[in-house]
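Since each chain sits alone in its own frame, please combine them into the complex, following the hints.
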Amino acid sequence: MATESIKYAAPDTETKLETKVFPRPGQHTSGIVDWLTTIDHKKIGMMYGLTALFFLLIGGVEALLIRSQLWSHNMDVLTNRQYNQMFTMHGTTMVFLVIMPLSAAFFNYLMPLQIGARDVAFPRMNALSLWCFVAGGLILNLSWFFTGGSPAIGWFGYAPLTDTRFAEVIGDMGPDFWIFSLQMLGLASLLASFNFITTIINMRAPGMTMMRMPVFTWMTLIVSFLIILAFPAITIALVELMFDRTYDTNFYDFLEGGKPHLWQHLFWIFGHPEVYILILPAMGIVSEVIPVFSRKPLFGYGLIIFSGAIIGFMGFAVWSHHMFTTGMGVVATSAFSILTMLIAIPTGIKIFNWIGTMWGGRIRFDTPMLFALGFITMFMIGGFTGIMHSSVPIDAQHQDSYFVVAHFHYVLIGGALFGLFCGFYFWIPKMSGRMLNESLGKLVFTLMFIGFNLTFFPMHYLGMIGQPRRTHSYNEGHGFETWNQIATIGSAILGVGIAIGIFQFINAFFNKKLKPAGKNPWDARTLEWTLSSPVREYNFARNPIIKSRDQAWENNYGAKENHSEKEPLDDHGVHMPDRSWYPLLTAFGLFVLVIGMLFHASIGPAGELVRDYTVAICGGTIAIFGIIMWSLEGPAGYHLFPKENEE
Amino acid sequence: MTITHHISKISPKLVLIVNTIFLALLSSCSRVDHKQSALDPKGLVSQNQYDIFMLSVWITIFLFCAVGGCLLYVLWKYRAKSKEEAMEVPEQMHGNSKVETTLILVSAVILVILAVPTLQGVVLMNRVPDPNDTATLEKLKLDKSQIEDAITVNVTGKRFFWVFEYPQYGIVTANELVFPASKAVRVNLRTEDVIHSFWLPKLAGKMDLMPGQENFLWFIADEDKIRKGIDPDGNPYNVDAKVAMPSVFNGEMRETIFTKQAFTDEFEAVGGLFYGQCAEYCGNSHAYMSFRALAQTDEDFDKWVLKFRNAQNPNLQPSAYMSESKYSKGDIVTFSDSTIGENVTREYRAVKVANKGQTPSTQPKSWEKVHSDDYEKGKILFGTQGCAQCHAINKTGLGAKGPNLTLFGLRTSLAAGWMRNDEESLDKWLRNSNEVKFGNLMWNGEGVDDRHPLRQLEDDDEKVSQLVTYLLGLK
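Line by line, the protein sequences are chains A and B. Residues in the first sequence are numbered from 1 upward in steps of one, following our numbering. Residues in the second sequence are numbered from 648 upward in steps of one, following our numbering.
Looking at chain B on its own, in the form it has when it is part of the complex (with noise of 0.2 Å):
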């Protein structure tokens, strides 16, 4: 009697409690856009891998309601309901083979249910279908040039970070992977130190990085799925494709992403872009090891691989200005600048033709500066305090130590993927590199101790924000 009046006393507040848990978990979930979630395959391959998960997942609440609910019965049935009843000696009975024998079966053939769809999935995994195999392109809804145009990355891992190599096009990139939506990706993995792996859970799963040897997985995008969402109040949608795929080559990516996807946890989601990160243990910053895809239009992937071809480019850098020369409007030259610091130049742009002898110094009204002041300190700056022994500009810089910088201003995200490419972030990391991402290999790697001129750039004001000049100015 009084447990009753107890309960009827505390149950309005409990449920309410637990009511209030029970919204605040359903609206966290609505509200939040997974960005690495394996439940929102935006492939071929990631959906495959979804389908045989669900499957599975049925399978076992099949599983485990009938046996769950075996257990339960037969605990409810046959409990000893008194102290005389638990001292009964009931049938002693040692099996029954005719029931082992069918359960066996039983478990024998909902395995096989799963293991078809397991053994056509590691062939799909694993091997780029024939673009010839017609047969094949039709069940998985390909058209023959998605496959036969198909781009290849060779991805390299290295402590911290990851090279985006792509062979086709003699480019090299670095943490942020962009590829065409419409075109399969066969992406080559390779080491050059522990063991990573590579995971684009919307796109990929996961595939190993292993010292020694070369492995391989591959994906393609869906562009419908890709436009298609849901927003913050949870209504689905459609958009363009451009909407959804803002560009990358002029900046647009970046933009979109600073102005529609916060670090919170409410945000429009960016459509096209993909979160990946290292899921092998490879060491203390290997929680930092994370890196983005980027999905593009056609259109818009050949335009951002032009532009970054001819910025690494030998032949198309900017060449010292040559009095025997005429340049035209609109050419790039380096010519010394005493302003900026002695025996350095910078670059000076025809605004019109520039006859021979008409060097900057003589003939300021033909000439411009490209940069500012700072992106040209800051330019120095980079060679001076270190920075160009291991990252490469506009070079692909292979076999570099640290990340290539080529465009280093389109990219959305710093640090291999931890922070937003902004100002702030970029100072933040410029001081201190340790204190954002503790054990990276541009505060702890070979050579760099306390005399190193970047350990020097702490309490530089001057020094850090005009490196952040020139490295956002790179676009």
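The shape of chain A in the complex, shown without the other chains (with noise of 0.2 Å):
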């Protein structure tokens, strides 16, 4: 693209204490290896969310799956075993391999551009993260083809049929594989969020104060803040499960004084927090795009961020709202639910105030908008039904039925995956410097709102008429079959819309005859719409000095004094990192690792349990060595000097 303008520096001075052992891949690496030991935060987004799409279209299959078992009375489309793995891969895939990694893929490829930095903190965990992730999926999909198959414990994995003792297959295996598969992804998410974290805090371009930072990105700093608090709630409650399996201890087996209950609260207070994980990014996304499409400024900038933070604190306060009725007392029992309450209003004022940004505003309907305007909507309706669960007696009926499936997938599908949609449909355009067509945007939008609509609101009205979730079956005579059938019939026009926006999504990568799409196709606000498109390796040729909030649109509108500026160019030139192997190399180790403890027990000749660490040792040494070797590679690095025009 820009290579004629580009000198090059001779690699002298800082390539001294390059390793021997995969030394690091430099300046011109390219094809399969580029992709593999790649540092560059653009790239590793693109990977996550590459990974994620594909994960959402197994989670997507499972989906339907479970659907057409669900037509009619007494299918026998899964046998109930299979069911049960569906909805327990399905739940698992979609959270964890979906959501999360869909909204790391944005804050990864966008979070650096909106606060002018040219990647985050620390690089190559940066890439561990990306790899532990897809070691993740990895581990949780191996399990369909271990003893027992995959996990059918539900993806909160209730103690105690989590337990050896009640496993309906003898040596089922999907539990260890969830198990440590969720530690995985766990460590992928800490390791991003931490780098976040160093990122926004330390990284700002000169005058990007916090108050000045996009949304999208105080989102991105809130999220990983509750990453950090969140996850090591369930870290524990996974050890302790592991523990209980592996070696026979008693956290939660309940018949040697063990405390199932435990297990419910150390995974809710992840679990709740969690739910925010997934929504708050969303709604950075939204609270970018509404301005953008309205021609004016986010109302109540300060509220929408404090309401975001006061959620996210807020979140940690009312896990126990899914335990209403497990028999917690009458003070807790209400204390959670007037808290649960309380928390629709933070959430209020973000709509609020959306409407308020497009208030008196020049709105156009162009695909993202229309996705954050179902986003408003849906997550509307879902966050409405969340206020009806807060009330305990009316969760005495809701809780485990249908009309709780109903809700959350209207948060989790209306709410993130449509707000994710929108993200994709507005920032492709900076990604691959090409325009979505806009028609088949559409069509997709209307597909998956008619869809999703069909699919879920049937299902608050089956649960209120009694269909319990997480069953396989139901019988004649309830009068089930109908509303069921109308949801089917929609998840199959749901899952056609989300196909096509994947096809268009990737298409956008390869498809030279769409539109070029230039710096600032939508006359966007914030300062990664300053750059060229698709942005360039390096991002900011020169470092930005910030001057207001909405950094382009006030280049382009604002008063002269609040341009922004550049910092001169000096003879350095722009410093690049050279790739690396390691961060690849330390997340095969763990990869071992863990394969190495799932298969670790044998049966012996004499009928006695063998214990062989000897793989599991080897998978930890290459991790260890990884990042013994990963701390010793050095700096390396080449330099490029971008011409005195190029952003």
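Just so you know, these hints were derived from the structure itself, not from any lab. The C-beta atom is built at its ideal place from N, Cα and C for all residues, glycine as well. Hints are not guaranteed to be accurate.
For lysine-lysine, the following DSSO-like pairs were computed, each having C-alpha atoms within a straight-line distance of at most 30 Å [what the hints assert, rightly or not]:
1. Lys999/B with Lys1048/B
2. Lys954/B with Lys830/B
3. Lys519/A with Lys872/B
4. Lys547/A with Lys442/A
5. Lys512/A with Lys730/B
6. Lys442/A with Lys730/B
7. Lys973/B with Lys442/A
8. Lys519/A with Lys954/B
9. Lys730/B with Lys515/A
10. Lys1003/B with Lys973/B
11. Lys728/B with Lys442/A
12. Lys547/A with Lys745/B
13. Lys259/A with Lys1048/B
14. Lys875/B with Lys973/B
15. Lys730/B with Lys560/A
16. Lys515/A with Lys728/B
Far from chain B, by Cβ distances over 12 Å, these chain A residues were calculated [unchecked claim]:
17. Pro25
18. Phe225
19. Gly356
If you want the footprint, here are the derived chain B segments under chain A, 3+ residues with CB under 8 Å [unchecked claim]:
20. 715-729
21. 783-793
22. 944-958
23. 1044-1050
24. 1104-1116
Pasting the structure below:
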């Protein structure tokens, strides 16, 4: 692209420390090695996104199988165990392998661009996060091929159903795969979050004060804090569960004095903030898109950020509303009920402010805006049913019925997924340099909107007339058939919409016939839109000096003193780091460690239990070797010299 | 022009299709009696839950219309009508703290409207009112005796069925909870394996059965509501308590359900029959873990209790014939009968006074066989096929692995409420229960493998029919 204008530095001074084992691939690396060893936040973001979209297809097929099994009473599409595996895998996949990594993809790609940074604070750690995520997804789905097949314990894995004592297949390995996969995914999320927090706190461009940061970056910061505070709870819960299953400890085994309640508390202390981890990024995206397509700044910027922070904070104080029916007593249930109702207020504020943003604007209905509006309305419905559940007596009927299924799909598809699709339609021109086909985009929105509502609206009613969740079959005579059939048809429409959408996103990177996007096709407002599309590998040729909140907009329409400036060019040029093999190697070591742990136990010739940790120790050694070499391999790198007029 | 032409051509067809779909939906709604619907509360607690739910529905509909209407207005009013307008720069305002504050306060007030009944509801669900607290009882329209004479049921969840123990009466049954419609029912919930959840939508909402702890819920049915209903044509009706709640103890309930209530969409409801379901995922057969609750008038409930107590009273079981005893008319003894097998006994009833030494074999005219040969053979099979290892009959058998089968012939359902308890279903169930209810522990439990006699029944017509006769004869 811009190679001609760049002079190359001689590879002299900074490559001295370079190691002989897996040396850092240099500037001209291309093809598969480039993708495997890259530490560029944009490429890592794209790989995050692509992998997550692939898992979205897998999770979607699982959902469609679930829906076809429920087409009518006593269907035989799946056996009950297969069905139970499907909903377990569907839930785990969609939460940990789709929505979270899709958000991570946007965090990775956009956050450094929005704050005027060249990369995240720890680029190689960022790559490790990606490969841990890929390994985690692989481990979870490998479970299909081993004893017992995939886990059939639900995405919440309630003890004591996870105990080996209650396994329904002898030697069932599903839950073990599930435990280790979640640990890997947790590691990936934690690594990424520490990285993002450090980046946002330390690497903002001059003049980019906290209160000038784009809302999406703010949400990245809040979500990263939620992750580092919430994941330790599930990490501990999973370690204890692993010990229960592998070494016969008694954390959750009530027959030996363990406490199944403990699992629920630990799981939901993680699980409820997790809900906000899933939805806040989408809210951030929508808060970026609505001002652009209304041509007005975000109404109540401070309040939107503050309410996001409050939602995140209060997210840690409401976990027990998932446990209203577990017999916590009058006082605890009442307290959690009231706290849960309170969380509706900051959520409502966001919606008011989005409408306030549109008020008095010039509203355009391009595809991103349609998804943003879909988000607002669908999320509103999900929020309202959420208020219903916050009332304990209502929850006594709703809990574990299809009403709850409807509720959280309104939040997670109508909310999170619509928000993320909104982000794709909005930012893919920036990522690929090409505009997406507008009519195809509108078709995708229409299909998704109609399909989604057809699928999930009837579930409210189904729940009220008594269809319980997680049941592979229902008897005739309950009147469930008609509504389930509508839902199944809807899910097929939704599936088609999503599939076309995914095709469209990937196509944008390859189809040369699409219209070029240019720097700022939407006349958008934030800093990343001052850069060329696609963004150059060094992001900013010269450090920007930020003067106002919506910098791209101010540069076009604002007063002269609000225009951003650039730091002068110097002889040093842009220092780019070399790629590295060690993040990949470390993640591979961890993968081998997990496989070694999963298969360490076997039955010896005399029927005794044999534990063999060779493979696990090898894996651990590889990982430690990777980390040590990583810290020794030195910075290396090369210099680029962009021209005066380049962004 | 062409487009409008097109639409006018399509529209009658479209209207027809839409109408058909709409009518189909509407009619399917009106015909179906939603057996397990929380929208049709028949008790005090569930009515309270329903009322709060409807309050929340109206609040949220109001909010949705208000906010959504506002959104629509904004979208319409401020839409860019042309390409030029889309490029205009409107006034760049950043917020309005007065508007924000007002909206926050309004939302808080709306939440209070929901919070107050919620807190009242929490107390109602968790605590049976004090029978001496006349003010509360009056408010709830309850009579003191309804609370004072409350019955207690200890529910134990097992994969994948329910044990119902009545500690006041010392009886144990399974999968069908018989209760007096006019009395409060206290339900203590425990489990012996994983978590289950007791969900009885029309009466009580739900509460989990947590391992290692005892949970509680209570309910009280509303007799007036049990007697009322809507027939298949949509007309409301109001029947006698006896009609709405046929007696369980003499099998009337079972017969009525079989004649009135087909497993199809169209049927006439039996008011006293309630459907419940396990609502917490508990393993392979979770979907099949349902149960029923049968409301009874006080008189019928007492009769049922008496019959059940007698059946499970070890002192009232027929004893072996003793040659020194004299038997009066109606006495039942067990005595050997070589026609049905070696070294086996069967039950005989004295039809007139039987003096010393007048055994059923020496004096057949004084004795009659209480049960048919098939019944007696079935009873023997019940022991020899391994059934009795897990199922208790005519004893409380708490801790047994399988459901208690005392007076099984009075049960309306089979396999934890999944099938109708008739000859056909029972036959199918006994031959291969795994095909009916995959993963059930009768087929898959500990110690059951292909050599187990239970798994040999599939092609053994004779044995199956004898077992069916025996089990359904228990009434």
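Verification of the hints:
For the hint pairing Lys999/B with Lys1048/B, the CA-to-CA distance comes to about 41 Å; that exceeds 30 Å, so the pair is violated. For a cut-off of 30 Å, the pair hint linking Lys954/B to Lys830/B stands: about 20 Å separates their Cα positions. A C-alpha spacing of about 69 Å is found between Lys519/A and Lys872/B, which places the hinted pair above 30 Å, so the restraint is violated. Restraint check: the Cα-Cα separation between Lys547/A and Lys442/A comes to about 36 Å, which exceeds 30 Å; the hinted pair is violated.
For a cut-off of 30 Å, the pair hint linking Lys512/A to Lys730/B stands: about 27 Å separates their Cα positions. Annotation: proposed proximity of Lys442/A to Lys730/B holds, straight-line Cα distance about 18 Å (limit 30 Å). For the hint linking Lys973/B to Lys442/A, the alpha-carbon distance of about 93 Å lies beyond 30 Å, and the restraint is violated. Restraint check for Lys519/A and Lys954/B: not satisfied, since their Cα atoms lie roughly 86 Å apart, outside the 30 Å limit.
For the proposed pair Lys730/B and Lys515/A, the alpha carbon gap of about 19 Å is at most 30 Å, so the pair holds. Between Lys1003/B and Lys973/B, the direct Cα distance comes to roughly 5 Å. Compliance with the 30 Å bound is thereby established for this hinted pair. Distance check on the hinted pair: Lys728/B and Lys442/A sit about 18 Å apart at the alpha-carbon level, within 30 Å; holds. Among the hinted pairs, Lys547/A with Lys745/B is consistent with the structure: their alpha-carbon atoms are about 28 Å apart, no more than 30 Å.
Our distance criterion of 30 Å between C-alpha atoms is met by Lys259/A and Lys1048/B, whose separation comes to about 23 Å. For the given pair, Lys875/B sits about 54 Å from Lys973/B by alpha-carbon distance, which is inconsistent with the 30 Å threshold. Under the criterion of a C-alpha separation no larger than 30 Å, the hint pairing Lys730/B with Lys560/A is consistent with the structure, at around 27 Å. Note on Lys515/A and Lys728/B: the hinted pairing holds, with a Cα-Cα distance of about 24 Å set against a maximum of 30 Å.
Distance check for Pro25/A against chain B: the nearest CB is about 46 Å away, which clears 12 Å, and the non-interface claim stands. With a least CB separation of 24 Å from chain B, Phe225/A remains clear of the 12 Å interface cut-off, as annotated. A Cβ of chain B approaches the Cβ of Gly356/A within 12 Å, the least distance being about 7 Å, so the stated non-interface status is violated. Look at the stretch 715-729 of chain B against chain A: 8 of its residues bring a Cβ nearer than 8 Å to a Cβ of that chain, three or more, so the hint holds.
Remark: the stretch 783-793 of chain B is not confirmed as covered by chain A, as 0 of its residues place a Cβ nearer than 8 Å to a Cβ of that chain, below the required three. Using a Cβ-Cβ cut-off of 8 Å, 0 residues of the stretch 944-958 of chain B lie near chain A, which falls short of the minimum of three, so the contact claim is violated. Beta-carbon proximity to chain A at under 8 Å applies to 0 residues in the stretch 1044-1050 of chain B; the threshold of 3 is not reached and the given coverage is violated. With a threshold of 8 Å between beta carbons, the proposed coverage of the stretch 1104-1116 of chain B by chain A is violated, since 0 of its residues qualify and at least three are required.
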